[in-house]
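Work out the full structure, taking the sequences as your base and the hints as a guide.
In order, the protein sequences belong to chains Z and X. Going by the working numbering, the first sequence opens with residue -10, and the numbers climb by one from there. Going by the working numbering, the second sequence opens with residue 218, and the numbers climb by one from there.
One thing to keep in mind: the hints can contain errors.
Pairwise CB distance ranges, derived in the manner of DEER restraints [what the hints assert, rightly or not]:
{"no.": "1", "chain 1": "X", "residue 1": "Thr232", "chain 2": "Z", "residue 2": "Asn11", "range": "38 to 44 Å"}
{"no.": "2", "chain 1": "Z", "residue 1": "Asn11", "chain 2": "X", "residue 2": "Tyr316", "range": "22 to 28 Å"}
{"no.": "3", "chain 1": "Z", "residue 1": "Ser40", "chain 2": "X", "residue 2": "Asn247", "range": "43 to 49 Å"}
What the hints contain is simulated information worked out from the structure, not anything from laboratory work. All C-beta atoms in this analysis are idealised placements derived from N, C-alpha and C, irrespective of residue type, glycine included.
Letter by letter, the chains look like this.
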Amino acid sequence: KNEVEQSPQNLTAQEGEFITINCSYSVGISALHWLQQHPGGGIVSLFMLSSGKKKHGRLIATINIQEKHSSLHITASHPRDSAVYICAVRSPGNQFYFGTGTSLTVIP
Amino acid sequence: NAGVTQTPKFQVLKTGQSMTLQCAQDMNHNSMYWYRQDPGMGLRLIYYSASEGTTDKGEVPNGYNVSRLNKREFSLRLESAAPSQTSVYFCASIRGADYGYTFGSGTRLTVV
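Written out as structure tokens, the structure reads:
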């Protein structure tokens, strides 16, 4: 069983498109993280959310605690956004659970 | 440059050999973590250290040991490597519960 499910697993978009990646989780959480892993393997933390919405540049992350769901949106997508996006949640007991990632390819 | 430094970046071991993966952060973060990443699976927590002097098992601790040498350094040891430990290992740190992660660049380990 996976405590964190992401959809879609793979996503291909044309440059400029609006992209949404979804994350659903089944455990109680104190925080949710969105991570970005580039083809070279490095992992970067994009957002940490416990409620509401955060925005950084063209990236927007939202969370609905009642529905146990989060979305990551990318506006005006660009080929440099091509990466694997990983959703992770931290439980109140400091257990961490990770999704298997969404592989995004943005075509020029 | 501030961040998390992992060494080595690549390693090939024979079954039964031992090795230590090193991790150091210079951001004065309290909590440090070791994860492994395998194809088709999410990152899985091996061990973590919530603060200097403490360590706790994660989801997949068998076959590993850790040492939180000081606030900066958190090492992961494989005492007798097995092919099932072939993976990419990431070290990460967090300043506190309300902050995001900083990850190292990873160690690609192959056990033959």
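Hints and how they fare:
| no. | hint | result |
| --- | --- | --- |
| 1 | X/Thr232 - Z/Asn11: 38 to 44 Å | holds, 41 Å |
| 2 | Z/Asn11 - X/Tyr316: 22 to 28 Å | holds, 24 Å |
| 3 | Z/Ser40 - X/Asn247: 43 to 49 Å | violated, 23 Å |
Of the hints listed earlier, the one the structure fails to meet is number 3.
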